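Protein chains in written order, with this note's numbering: chain A, 1 to 103; chain B, 1 to 199.
A portion of the hints provided could be inaccurate.
Chain B regions said to be covered by chain A (calculated; three or more residues, Cβ under 8 Å) [unchecked claim]:
| id | stretch |
| --- | --- |
| 1 | 39-51 |
| 2 | 94-108 |
| 3 | 141-155 |
Capping the alpha-carbon separation at 20 Å, the derived lysine to aspartate or glutamate pairs in DMTMM-like fashion look like this [unchecked claim]:
| id | chain 1 | residue 1 | chain 2 | residue 2 |
| --- | --- | --- | --- | --- |
| 4 | B | Lys125 | A | Asp58 |
| 5 | B | Lys125 | B | Asp77 |
| 6 | B | Lys138 | A | Asp58 |
| 7 | A | Lys90 | B | Asp77 |
| 8 | B | Lys25 | A | Glu92 |
| 9 | B | Lys25 | B | Asp77 |
| 10 | B | Lys25 | A | Asp58 |
Pair ranges (Cβ atoms, derived) [stated by the list, open to error]:
| id | chain 1 | residue 1 | chain 2 | residue 2 | range |
| --- | --- | --- | --- | --- | --- |
| 11 | A | Asn99 | B | Ile168 | 30 to 36 Å |
| 12 | B | Ile155 | A | Gln100 | 23 to 29 Å |
| 13 | B | Pro166 | A | Asp58 | 54 to 60 Å |
| 14 | B | Gln171 | A | Asn99 | 39 to 45 Å |
| 15 | A | Arg88 | B | Phe23 | 25 to 31 Å |
| 16 | B | Ser6 | A | Gln100 | 48 to 54 Å |
| 17 | B | Leu145 | A | Asp58 | 19 to 25 Å |
| 18 | A | Arg88 | B | Val134 | 42 to 48 Å |
| 19 | A | Asp58 | B | Ile55 | 18 to 24 Å |
| 20 | A | Asn57 | B | Gly156 | 36 to 42 Å |
| 21 | A | Asp58 | B | Phe71 | 36 to 42 Å |
| 22 | B | Leu3 | A | Asn60 | 20 to 26 Å |
| 23 | B | Gly49 | A | Gln100 | 46 to 52 Å |
Note that these hints are calculated values from the structure, not bench results. The structure presented is a predicted model; accordingly, all values stated were derived computationally and were not measured. Virtual Cβ for every residue (Gly too), placed ideally from N, Cα, C.
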Amino acid sequence: MTSLSYNHFFILSLIVFIIGCFGLFLNRRNMILILMCIEIILLAANINFVSASVFLNDINGQVFSIFILTIAAAEAAIGLAILVIYFRNKGEIDITQINQLKD
Amino acid sequence: MFLVGSFFLFAAFLITTCIFVIFSKNPVNSVLFLVLAFLNSTFLFILIGAEFVGIILAIVYIGAVAILFLFVVMMLDIQITTLMFNIKRYVPLALLFAGIILAEIIYLTVFKTSKVNIDTFIRSKNNTEQIGDVLYTKYFIDFQLSGIVLLLAMIGAIVLTHVYRPTIKRQNIDSQNSTTAKDRVQLVKIKSGDGIKDD
Numbered sequence: 001m002t003s004l005s006y007n008h009f010f011i012l013s014l015i016v017f018i019i020g021c022f023g024l025f026l027n028r029r030n031m032i033l034i035l036m037c038i039e040i041i042l043l044a045a046n047i048n049f050v051s052a053s054v055f056l057n058d059i060n061g062q063v064f065s066i067f068i069l070t071i072a073a074a075e076a077a078i079g080l081a082i083l084v085i086y087f088r089n090k091g092e093i094d095i096t097q098i099n100q101l102k103d
Numbered sequence: 001m002f003l004v005g006s007f008f009l010f011a012a013f014l015i016t017t018c019i020f021v022i023f024s025k026n027p028v029n030s031v032l033f034l035v036l037a038f039l040n041s042t043f044l045f046i047l048i049g050a051e052f053v054g055i056i057l058a059i060v061y062i063g064a065v066a067i068l069f070l071f072v073v074m075m076l077d078i079q080i081t082t083l084m085f086n087i088k089r090y091v092p093l094a095l096l097f098a099g100i101i102l103a104e105i106i107y108l109t110v111f112k113t114s115k116v117n118i119d120t121f122i123r124s125k126n127n128t129e130q131i132g133d134v135l136y137t138k139y140f141i142d143f144q145l146s147g148i149v150l151l152l153a154m155i156g157a158i159v160l161t162h163v164y165r166p167t168i169k170r171q172n173i174d175s176q177n178s179t180t181a182k183d184r185v186q187l188v189k190i191k192s193g194d195g196i197k198d199d
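All chains should be built: construct the whole structure from the sequences, respecting the hints.
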């Protein structure tokens, strides 16, 4: 195994994806950490797109990776805005209490 | 050999920092480890020749998203002790999920191996030129749509977090523009020694 192959990056991105999902499942309280886990998952998707694009010698994957980046930035902005108003109303960021918003 | 060694170094750092993001007790530490994870993936992208996406990742994620997280984490007064998650309750579910994906990895790597190699590149242009060739022609509509998505996100974030306070005095541009000189200035003739009569 003297040279890099797509499998290296594929396994790496899947491991990162698993870590993100694991954090999402493990941590059901802290809303900021949930947003960060989503960022990790999107990073894993980005690694997969870019490495596939490089190893298949096709530039379209990198363009889509830029689009993923855009969506991730928008999602982070909206998520953090929701977090800020939730904290302003409740004084905490415990996500188990968020079902009281329907009252 | 240098390439493989660097890959394993950065990959190990990336995985370690991702694990630290999840298991840090303090959210500030989590955000800083997230920055480190993004930096490591930037190195990985540059390593395999995707320089543009790597640098964009550094600028957008580290410079904007992670700093946004850091601001929010530091602005909110969070009691860390109340957010200590109950690990024992959720570990079976998380392990089940991780196990399913791990089985998929093993299936894919054992039974479907890809033969594409990094040494078979044909580079006529550099990475940025290649992206620019398709981004503004083939994906022009998508490019504009992503701009609209960003605009919507910006407006949404402002609308959500904006607080209207009626006590604050604001500039009323309409009334300012519709005033004439008569509303503001009054010419008064004053006799000598008489003073001004106050109505």
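Verification of the hints:
{"no.": "1", "hint": "39-51", "result": "holds (count 6)"}
{"no.": "2", "hint": "94-108", "result": "holds (count 8)"}
{"no.": "3", "hint": "141-155", "result": "holds (count 7)"}
{"no.": "4", "hint": "Lys125(B) with Asp58(A)", "result": "13 Å, holds"}
{"no.": "5", "hint": "Lys125(B) with Asp77(B)", "result": "50 Å, violated"}
{"no.": "6", "hint": "Lys138(B) with Asp58(A)", "result": "14 Å, holds"}
{"no.": "7", "hint": "Lys90(A) with Asp77(B)", "result": "12 Å, holds"}
{"no.": "8", "hint": "Lys25(B) with Glu92(A)", "result": "16 Å, holds"}
{"no.": "9", "hint": "Lys25(B) with Asp77(B)", "result": "15 Å, holds"}
{"no.": "10", "hint": "Lys25(B) with Asp58(A)", "result": "41 Å, violated"}
{"no.": "11", "hint": "Asn99(A) with Ile168(B): 30 to 36 Å", "result": "34 Å, holds"}
{"no.": "12", "hint": "Ile155(B) with Gln100(A): 23 to 29 Å", "result": "27 Å, holds"}
{"no.": "13", "hint": "Pro166(B) with Asp58(A): 54 to 60 Å", "result": "57 Å, holds"}
{"no.": "14", "hint": "Gln171(B) with Asn99(A): 39 to 45 Å", "result": "42 Å, holds"}
{"no.": "15", "hint": "Arg88(A) with Phe23(B): 25 to 31 Å", "result": "28 Å, holds"}
{"no.": "16", "hint": "Ser6(B) with Gln100(A): 48 to 54 Å", "result": "50 Å, holds"}
{"no.": "17", "hint": "Leu145(B) with Asp58(A): 19 to 25 Å", "result": "22 Å, holds"}
{"no.": "18", "hint": "Arg88(A) with Val134(B): 42 to 48 Å", "result": "43 Å, holds"}
{"no.": "19", "hint": "Asp58(A) with Ile55(B): 18 to 24 Å", "result": "20 Å, holds"}
{"no.": "20", "hint": "Asn57(A) with Gly156(B): 36 to 42 Å", "result": "38 Å, holds"}
{"no.": "21", "hint": "Asp58(A) with Phe71(B): 36 to 42 Å", "result": "38 Å, holds"}
{"no.": "22", "hint": "Leu3(B) with Asn60(A): 20 to 26 Å", "result": "24 Å, holds"}
{"no.": "23", "hint": "Gly49(B) with Gln100(A): 46 to 52 Å", "result": "50 Å, holds"}
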